[in-house]
Amino acid sequence: MKGTLFGFALIIIIGIFVPFTAGNFTIRLATDIVIFAILASSWNIIGGYTGYASFGNIVFFGVGAYATAVLMSKAGLGFYPALILSGLIACVYGFAIGFPILRLKGHYFAIATLGLAEATKALVQNLGLTEGNSGMYLPMPEMGIDASYMFFYFNALGILLILLIVMYFILNSKLGYGFVAIREDEDAADSLGINTTIFKSISFGLSGLFTGMAGSVYAYQQGFIKPEPVFIVTKTVKMIVMAVFGGVGSLFGPVIGAVSIELISNYLSEHFLVIHTIFFGSIIILAVIFAPKGIMDIITARKKLGLSYFLENIRKNRV
Amino acid sequence: MLTQILINGILKGGLYALMAMGMSLIWGVMNIINIAHGSFIMLGAYTTYWFFTLYGMDPFVSILLSMVLIFFLGFFIQKYIINFVIGASLFITLLLAFGIEILINNLALLFWTADVKSVQVTYGGANTEILGAVIPTVRLLAFLLAIAVSVILFIIMNKTWLGRAIRSTAQDLEAARLNGVNVGNIYSITFGIGTAVAAAAGTLWAVIFPISPTMGGHLTLKSFVVTIIGGLGTMMGPLVGGLSLGIVESLGTNWFGSTFENLISFTILVLVLIFKPNGILGKKE
Amino acid sequence: MFSRKLLLMLTSFLLVFAFSFSAYAENVIKLGCAISFTGSKSRTGKLYVDSYKFAVDKVNEMGGVNVNGKNYKFELVFYDDKSDPTESARLVEKLITVDKVDFLLGPYSSGITIPSSIVARRYRIPMIEGGGASSKIFDKGNKYIFGTLPRAGDYFRSTLEFLTKQDPRPEKIAILYADDKFDVSVGEGAKAIAEEMGFEVVEFEKYSEGASDFTSAITKAKKAGAEATLVAGHTEEAINFIQQSKELNYSPNLLALTVGPSEADFRKALGKDANYIYGVASWSAEMNFEGTLFEDTQAFVKQFTDKFGYDPDYHNASGVADVAIYKDAVERANSLDPQKVRDAVAATSGLKTIYGPVDFMDNGQIIGSSVVLQILDGKVRQVYPASGYDAVYPMPEWDKR
Chain A
154 MKGTLFGFAL
164 IIIIGIFVPF
174 TAGNFTIRLA
184 TDIVIFAILA
194 SSWNIIGGYT
204 GYASFGNIVF
214 FGVGAYATAV
224 LMSKAGLGFY
234 PALILSGLIA
244 CVYGFAIGFP
254 ILRLKGHYFA
264 IATLGLAEAT
274 KALVQNLGLT
284 EGNSGMYLPM
294 PEMGIDASYM
304 FFYFNALGIL
314 LILLIVMYFI
324 LNSKLGYGFV
334 AIREDEDAAD
344 SLGINTTIFK
354 SISFGLSGLF
364 TGMAGSVYAY
374 QQGFIKPEPV
384 FIVTKTVKMI
394 VMAVFGGVGS
404 LFGPVIGAVS
414 IELISNYLSE
424 HFLVIHTIFF
434 GSIIILAVIF
444 APKGIMDIIT
454 ARKKLGLSYF
464 LENIRKNRV
Chain B
29 MLTQILINGI
39 LKGGLYALMA
49 MGMSLIWGVM
59 NIINIAHGSF
69 IMLGAYTTYW
79 FFTLYGMDPF
89 VSILLSMVLI
99 FFLGFFIQKY
109 IINFVIGASL
119 FITLLLAFGI
129 EILINNLALL
139 FWTADVKSVQ
149 VTYGGANTEI
159 LGAVIPTVRL
169 LAFLLAIAVS
179 VILFIIMNKT
189 WLGRAIRSTA
199 QDLEAARLNG
209 VNVGNIYSIT
219 FGIGTAVAAA
229 AGTLWAVIFP
239 ISPTMGGHLT
249 LKSFVVTIIG
259 GLGTMMGPLV
269 GGLSLGIVES
279 LGTNWFGSTF
289 ENLISFTILV
299 LVLIFKPNGI
309 LGKKE
Chain C
215 MFSRKLLLML
225 TSFLLVFAFS
235 FSAYAENVIK
245 LGCAISFTGS
255 KSRTGKLYVD
265 SYKFAVDKVN
275 EMGGVNVNGK
285 NYKFELVFYD
295 DKSDPTESAR
305 LVEKLITVDK
315 VDFLLGPYSS
325 GITIPSSIVA
335 RRYRIPMIEG
345 GGASSKIFDK
355 GNKYIFGTLP
365 RAGDYFRSTL
375 EFLTKQDPRP
385 EKIAILYADD
395 KFDVSVGEGA
405 KAIAEEMGFE
415 VVEFEKYSEG
425 ASDFTSAITK
435 AKKAGAEATL
445 VAGHTEEAIN
455 FIQQSKELNY
465 SPNLLALTVG
475 PSEADFRKAL
485 GKDANYIYGV
495 ASWSAEMNFE
505 GTLFEDTQAF
515 VKQFTDKFGY
525 DPDYHNASGV
535 ADVAIYKDAV
545 ERANSLDPQK
555 VRDAVAATSG
565 LKTIYGPVDF
575 MDNGQIIGSS
585 VVLQILDGKV
595 RQVYPASGYD
605 AVYPMPEWDK
615 R
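Those protein sequences? They're chains A, B and C, same order as listed. Residue 224 in my numbering is what sits at position 71 of the first sequence, and the numbering runs on without skipping anything. Residue 259 in my numbering is what sits at position 231 of the second sequence, and the numbering runs on without skipping anything. Residue 412 in my numbering is what sits at position 198 of the third sequence, and the numbering runs on without skipping anything.
A hint or two may mislead.
As the list claims (entries may be wrong) - Which residues of chain A face chain C? A few of them, derived with a C-beta cut under 8 angstroms, are: (1) Gln278; (2) Thr283; (3) Ser287; (4) Phe377; (5) Lys379; (6) Thr430.
Unchecked claim - Using 27 angstroms as the maximum straight-line C-alpha spacing, the simulated DSSO-like pairs for lysine-lysine come out as follows: (7) A:Lys388 x C:Lys260; (8) C:Lys566 x C:Lys272; (9) C:Lys566 x C:Lys521; (10) C:Lys267 x C:Lys357; (11) B:Lys304 x A:Lys446; (12) B:Lys304 x A:Lys258; (13) C:Lys287 x C:Lys314; (14) C:Lys284 x C:Lys272; (15) B:Lys107 x A:Lys469; (16) C:Lys314 x C:Lys244; (17) C:Lys357 x A:Lys227; (18) C:Lys267 x C:Lys287; (19) C:Lys354 x A:Lys227; (20) C:Lys284 x C:Lys566.
Stated by the list, open to error - Listed next, the stretches of chain A that the computed footprint assigns to chain B, with coverage defined by at least 3 CB atoms under 8 angstroms from CB atoms of chain B: (21) 196-210; (22) 306-318; (23) 384-395; (24) 438-451; (25) 462-470.
It is worth saying that the hints were derived from the structure and are not from the lab. Note that the Cβ used here is the ideal one computed from N, Cα and C, for glycine as well.
Please construct the entire structure, taking both the sequences and the accompanying hints into account.
Structural data, given as structure tokens:
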């Protein structure tokens, strides 16, 4: 409890502090980081708490981004109505699609979500409403440059905070216990009278809601979107990497993961024009082998930290 | 025209089958989804390219060398990297494979540049005409070779000591260990075989299509689809899955248009998972 | 006596040093460019990086840019956009706000150019780009973006004109195009022009960007009896298309591709099968234009090949022109003010470059045309409008080469 309050305070203080001390580029970088924090935290709902490794969460991002583009440039809606509707559309999509595919377990579920994301991308590439693979413009925000960057940043930060607060309350409710029960033992949860089908779908829908809203802010900031970048598989992987790197199944883990991964990756590409990707690949491999429980675990287990902490993971997981 | 479309589909399907075979084997035995699968296909394609360009070796000869080389690469990657997380949760292994993919692809990009390369065999465009349909020689050869590799793999898995050890490890790790199987080695060998078959697919790919370091990602996705359609746990799965996908894609793009290829294959993937999660040939749980 | 001489030498040396140092430190015009060093666009991205560097070195060698009687050197600031439009937009932001570049050079490909041009517009910094020709870049009233590739819709006009002059004149045409914005514009433009010229378009088909299988499309074109096939796509697709045409024994009178024939990769990958393939480009190494940075096109081609070891194609020439336009515009504006330089770029009139004379339309795109190329004996030759090489039409069958 004390730790959670401390976490919220830290995010709010740093979050509000950043834009007033930095130039527009830093604000934009911070916006991108916050968007990734939303993605990783949303993935954490279905992947971390409910235990279903979604490998296609990017589909909600793409749906949210395209919903906003269509609603704003075709239906002439303002940003906020579009943002909320986009979130809801992604949420309903996740909830509905959850019924058939959440019956699948493990790798099968992972591949099903991946296939769903690719199929949705291919659909968007062939639809007239979304202008096919050509991409869509969004209206330009009618405000000054500096104001617009503050606008995007604080909207993203707001969504992240709402997500974290909502998750905090859910985790302390019957719904949250249900999620965790499903992760630990689905059959047992079922026999305890939890309607696992509904619970899993709600979890997937919530994940979709916030991911969709992140996609919406992204699209408006970007001003132009194409199917490939907003539905790209590697972004799904990136959000999982962030969640794992920070700590799966903990409230702030994914946020920490998003901040550290993005800062590392930004630093590397700034200093190594071409070989930064090789460093990045190596970091993922090392992190996964030596610290599969993430930074949060290292923080909470700091008393027994040492070489043995890192070797223990290897000892436990090898054959 | 329909005959031609079907032939195009069947020939492509053979290649799909070979691509997916390695993935299906690794998945079935080790319960790992090898996201880096496409990178091994890419490496197979490049070794073929270099054997051909530097030493003038025919791809249908150098395919064995490529397979041996990539076998050892896969063997050691499993032994010294993947083995450390083999018991961890599934997204950990997925992520590790992803890290390996980034590493391999970008090293390839660094050493071989992003230039498009191709293997120009003298019989490249040769073809025969049967019943008004054209059959490209290279594709036919690749198709036959894909079938041959599947048959050899089938024999290894069913008739040899190694195959029995691999299958018993897949079924029950502890029982296999008690029976004196060195499980660690079996895993490394399985991974090696899986990547070697991927390399074979890469060789055939290089004969038919131009290659580049980033070619793998798309092929990994196609391999997923084939593996799922065919179903895990049988050597015939990838063959059935590959041929079905090849034919359906060929007919589908003919009817709906070329941009529908991905929509068709991924919709099939999702539908098969929902209605028949163990694949066309898969056993009931 | 001796020491005085030494002192004099030393002071003059120091003075020169100080002068040159200050010249280096202050009189610099920064050109910022976020472009693909890694990822799927990195191959063509490199062509632009090479050309930008080559042209900037040349400008500096020639004494730099003259503004208000002072000489400025160009300095390039590069970032890797990883072939990702999100990265690109963010990095352009960085170039403007952190590196404080004066002007921007564009990335490669239309999909990446659009988001970064939006950032340039927000900050009112001009961006000249040589790597995106989609009308979507230019039809949104962005006054800060200038492009040196000609209108996508007109790409195949010269090829179709060429076809009308053949005897017998072909009637049936197939058009295949990738589904990215640029190629959609090319394909739709080609269809309109072809119908206007009285051709019958028997196959008009879109395929996915990055597709590797063209067997269905080729089978259809063959069935429909298309005498000429026009393909708008990318290098790998172009190679695939030619290989598969040969495998399926499809040999029309003319096979023309937008991207591919002018690139060295394409010819290397296809070997002798590349012969007689038609291409289309805004520029060819056979042309001869006087330039301001280089004496003429031929001098440029030679120097470029000596330095980089490959033949420049229209991407390279377009990139060199971008830098030449900046030099000219900054000197005419006689200022580094972005607004004044933008206006000067827009007013560019008949600027002589090795890429051809440069004039911009009101929307910022260059007024240009395309030429028909054909690969003859492994070399790319301009065959229409005539430049001394005769086109081989119809193309010989695959097994008669």
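Hint numbers contradicted by this structure: 2, 11 and 22
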